[in-house]
Amino acid sequence: MSGAPTLMHRRLKPSPFLPDLAEIVRKDHLTSTETLYQLRLADGSELGHTPGQFVELSVFGVGEAPLSISSSPTRGEAFEVCIRRVGDVTGSLERLGLGAQIGVRGPFGRGFPLDEMRGQDVLIIAGGLGIVPLRSLIVNLLDERGDFGDITVLYGTKDPSFLLFKDEITRWEARDDVDLRITVDLAEPSWKGSVGPVTTLFRRLTIDPKRTVPVMVGPPVMFKHVVKQVLACGIPEDRIILSLERRMKCGIGECGHCQINGVYVCQDGPVFTYAELKRLEEAML
Amino acid sequence: MIDRVIQKAHLTEFLDHLAGERVVAAPVADGPLTRFRRIHSAAEIAAHYLPTALPPSKYLLPTKEVLLRYRYDHGVSAEAQFDTQEMIAFGVRPCDLHALALLDAIFIDDKHDGHYMARRQHVVLVGIECLSPCDDHCFCESMETLEVHTAYDLLLTDLGEAYYVRIGSAAGKELLKGVDSMREAVYEDRTRLRKAHEARYAAFTPRLETDLSQLPDLLADSSDSLLWDVLGEKCLSCGACTNVCPTCYCFDVKDEVDLGLSSGERYRAWDSCQLEEFAMVGTGESFRQPRNMRVKHRFNRKGRYILERYGMQGCVGCGRCARNCLVGIDPVEVFNQLKGQPVERQERQVMR
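As you go down the protein sequences, you meet chains D and V in turn. Quick note on the working numbering: the first sequence kicks off at 1 and runs consecutively. Quick note on the working numbering: the second sequence kicks off at 1 and runs consecutively.
Next comes chain D alone, as it looks inside the complex (with noise of 0.2 Å):
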């Protein structure tokens, strides 16, 4: 089936809180509190989303939340969400078996600048679980691998139990033409890798300022650190890219609650350059 007349079909619905019908296909528990969830949406289109993007995502009786899409839109028809319980909606999909059905608006917002990325060294910093956006354009970069540089992707969570993806991960660390590098805040004694903040890998790291381009998604407290950093290695302001967290409540612009000054996260990004936010109190706490 062909997407495009699906996605018109999906755009020029009356009601914009409408949502799509998808199906749990698979769910795979990554850590004690996220699950992995593929989703097909229920007329078999693809979900035409770019990576950085997001979904509201509903659990019917319970309510809707944002959540941005994991996989990348390089691997066909089913897309992936990443789940941590933290409230009703995510806790309710906990419950919920495979087949069951939930409702999906979007995709929605400005995604990661994929096009302005090639040909450039893509130099990746996730926090937490920041990695959950990222690892829709991680996939994508190395789906598409000759069109980019170097790619590096320096990964930090609190303790090696929170790692996501870890299968995956050991892929990416077994190959040669990405260089994946994590830290941990707290380790036991046998934790063989890297301890401390995720600002300690740039340690050792080569990084040519005139062609790279920092791509960052973590807690608020990250950025801080982080965009000094690049900063400091001669990036300009406006090729640092980092994507922020709201509570969305439509997707569209209206509710406010994602509002940073005079900007809504939800259509203006939720990925933008440093030099778009720096001037906006608010944007990173």
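Calculated from the structure, these hints are not laboratory results. Source: prediction; values computed, not measured. There's no promise every hint is true.
To be verified - To spell it out: a stretch of chain V is covered by chain D in this simulated footprint if at least three of its residues, at any positions, have a beta carbon under 8 Å from a beta carbon of chain D; those stretches are:
| no. | region |
| --- | --- |
| 1 | 4-16 |
| 2 | 59-73 |
| 3 | 105-112 |
| 4 | 243-254 |
| 5 | 266-275 |
Just so it is clear, CB atoms sit at the ideal spot from N, CA and C, and this is done for glycine as well.
Place chain V on chain D using the hints.
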């Protein structure tokens, strides 16, 4: 379209007839307040009144608006819900018409929001011009919303024994067909209208000390003003201001399950940027928790952000927020104080 003149007695007869046949809402006195309410005769309409407790725009974005109904007993089926109740809103003030024009620009022109559009398409707006200010809180003259050229289907101006009627749409013209006795406005009527317009400016004194075109820059330059801290200390974060504001439209989206547990509805309900949880995310961080920041956000939204995004004033000067604020925060005073004080960078204090 050619303007009309209707004798007041004939308008009363017409409204009586109309209210018997169709749903007509108009300002009705209710204790110390005035509310838009369905009327059955023209006699119910309040003669002199402050702006209604809630602005008519809140009819188009009700406290709770069902967006979807769904069943989930045998698979899931969901259906969008649209309210197509026809209604004539009589006696809408110019400030409120400006607010409706703004909501139209946002919800129709920009968002194509079918729920808003369905309601809006079934409402006929009969506006009435203000020839004297409501009270000390209103500042429509300063916000340049006293004159109105949009949103209305009919616009009435009191000429003493008669109303001057301007027709704003085909729906307005259609509505007038029911009036038995009226005449086309002639040159003398236009002169009387112009004189009424000129005379009103004596009553409406400018209250804003800043030129309106300078207000966005004033707010942008006042980001570090200590006034936000003062207001943050004073504000109770009750959200009364956003509840009564004709241009506030922020909402939450929620689900409610029917008693049978096999069906339910998704609805949107008013929310307020003045409430602490408004900018909180799932993992608990709140991006606008300090009260001074929330207050600053509201005034910037009214005086700057909406204008920058939609090219229309985000505040229409109705004065409802000032009238209802429990601690007396008045937007005119806020803007004037910002104008009056130096805006050099100061050490900010954060209040929680």
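Do three or more residues of the region 243-254 of chain V come closer than 8 Å to chain D, measuring C-beta to C-beta?
Held - the region 243-254 of chain V has 6 residues with a Cβ nearer than 8 Å to chain D, which meets the minimum of three.
Would you check chain D against the region 59-73 of chain V, counting CB to CB pairs closer than 8 Å, and say if three or more residues qualify?
Answer holds; 4 residues pass the 8 Å Cβ test.
Are there at least three residues in the region 266-275 of chain V whose beta carbon sits under 8 Å from a beta carbon of chain D?
holds (count 4)
Do three or more residues from the region 4-16 of chain V put their C-beta atoms closer than 8 Å to C-beta atoms of chain D?
n = 0 at 8 Å, threshold three: violated.
Against chain D, does the region 105-112 of chain V show at least 3 residues with beta-carbon separation below 8 Å?
It holds: at least three residues are needed, and the region 105-112 of chain V offers 5 whose Cβ sits within less than 8 Å of chain D.
In terms of the numbered hints stated before, the structure departs from hint 1 and from no other.
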